[in-house]
Amino acid sequence: DTGVSQNPRHKITKRGQNVTFRCDPISEHNRLYWYRQTLGQGPEFLTYFQNEAQLEKSRLLSDRFSAERPKGSFSTLEIQRTEQGDSAMYLCASSLLGSRSGNTIYFGEGSWLTVV
Amino acid sequence: DQQVKQNSPSLSVQEGRISILNCDYTNSMFDYFLWYKKYPAEGPTFLISISSIKDKNEDGRFTVFLNKSAKHLSLHIVPSQPGDSAVYFCAASYQGAQKLVFGQGTRLTINP
Numbered sequence: 001d002t003g004v005s006q007n008p009r010h011k012i013t014k015r016g017q018n019v020t021f022r023c024d025p026i027s028e029h030n031r032l033y034w035y036r037q038t039l040g041q042g043p044e045f046l047t048y049f050q051n052e053a054q055l056e057k058s059r060l061l062s063d064r065f066s067a068e069r070p071k072g073s074f075s076t077l078e079i080q081r082t083e084q085g086d087s088a089m090y091l092c093a094s095s096l097l098g099s100r101s102g103n104t105i106y107f108g109e110g111s112w113l114t115v116v
Numbered sequence: 117d118q119q120v121k122q123n124s125p126s127l128s129v130q131e132g133r134i135s136i137l138n139c140d141y142t143n144s145m146f147d148y149f150l151w152y153k154k155y156p157a158e159g160p161t162f163l164i165s166i167s168s169i170k171d172k173n174e175d176g177r178f179t180v181f182l183n184k185s186a187k188h189l190s191l192h193i194v195p196s197q198p199g200d201s202a203v204y205f206c207a208a209s210y211q212g213a214q215k216l217v218f219g220q221g222t223r224l225t226i227n228p
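Residue numbers (the working numbering), protein chains in the order written: chain A, 1 to 116; chain B, 117 to 228.
Chain B on its own, in the form it takes in the complex (with noise of 0.2 Å):
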């Protein structure tokens, strides 16, 4: 049972150019979703959050949309770098419970 799901395994985006990584999720009563990003052999590192309030947060060049009624949420990247190629992970968690729970993942790759 996938609750959270990021459909897409893989994005490849010019440098410069806006980056929409996307994630879905099933569980109605996820109200804080996170985004992080992971490179080969490190850990994930987080890099935005949303709490189930909000549409949306921006921090620097990253942005998190929210969507509840469509149970979506996308990380905008604007502009994209070289340094942003990597593994990104959508993951989500309610009150009460103690874990966050992952999609599998996009790798997102910024061509020159």
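Isolated chain A, as found in the complex (with noise of 0.2 Å):
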């Protein structure tokens, strides 16, 4: 299977407590994105990487989220001192910058997150 793998799939933590999930990208791609789904609404981009680069922060991300891409491949997305806000589905997706298809993304199984 060469498509977008996460884990853990399934977190479950206590408020205030850290978490971190790994994402490895479609191994070609260049770009790496996270996004963050609650039930109902469509995914909300939260960050994107450009190889090890992070370009492009939401407002979403607040200073307890970080994200990196140490060696432009596999990446982390870590949570501190976690809220019950932040229970969602953390998604990772990829894409091939100059492909035909760049601009498509395609997205990991997801790694749900539930904040108690």
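None of these hints come from the bench; they were simulated from the model. Careful: at least some of the hints might be erroneous.
[Unchecked claim] Distance windows between CB atoms, simulated: (1) B/Thr161 to A/Thr76: 42 to 48 Å; (2) B/Glu174 to A/Gln84: 29 to 35 Å; (3) B/Lys184 to A/Arg9: 38 to 44 Å; (4) A/Gln80 to B/Asn227: 45 to 51 Å; (5) A/Gln84 to B/Pro125: 23 to 29 Å; (6) B/Gln119 to A/Leu39: 28 to 34 Å; (7) A/His10 to B/Lys121: 26 to 32 Å; (8) A/Leu97 to B/Asn173: 18 to 24 Å; (9) B/Asn173 to A/Glu52: 19 to 25 Å; (10) B/Lys184 to A/Asn18: 30 to 36 Å; (11) B/Glu131 to A/Leu60: 37 to 43 Å.
[To be verified] For lysine-lysine, the following DSS-like pairs were computed, each having C-alpha atoms within a straight-line distance of at most 27 Å: (12) B/Lys170 to B/Lys121; (13) B/Lys172 to B/Lys187; (14) A/Lys71 to B/Lys215; (15) B/Lys184 to B/Lys215; (16) A/Lys57 to B/Lys121; (17) B/Lys215 to A/Lys57; (18) B/Lys121 to B/Lys215; (19) B/Lys215 to B/Lys170; (20) B/Lys215 to B/Lys187.
Where a beta carbon is used, it is the ideal one built from N, C-alpha and C, also for glycine.
Fit chain to chain and form the complex, with the hints in mind.
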């Protein structure tokens, strides 16, 4: 399977704890995105990387959130001091800049976060 | 500010008939549009896309129509099959913007 891979798929954590999600994009893709989806809403953009550079962050990404893509391959999204409002599905996606379908992004299966 | 809107939260269609899902947008800079399908507890799966230079794109049972003057696009699925039951999201982007803006989704149910 060469699709976008995310783990863990599910995480239940107590309020105030830190959590980290990992994303492995499609191997040749140079762009990586993080989105968040809550019930009844479409995915909302959080941030994206081109290779290892983080080029845009949404205002939804508070200072408790940090994302990295250290070698331009996999990425991590860390949420510090989690709050109940952080409960959502966190989606990673990737795309290939310069390809014919460069504006098409491909999603992973998502990581469910429940903060109790 | 909801730039992409799917005004029908749900749609029910009989198997074998045509399903038509609608999407409206407000940002005239959008020039690329996509439809994704999502099953519960899974990530969205890309279905079909269309560039603003076209008004129609077809892929098997799926056809997307774009009406730029009305800022409206639609997804036609024909014939509808039970496996098409899912939530469908439309999304849009524009040159120079690296992110997609999604609608709220429409839950499609195909009845046998």
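Output the indices of the hints that this structure fails to meet, ascending. Numbers 1, 2, 6, 9, 10, in rising order.
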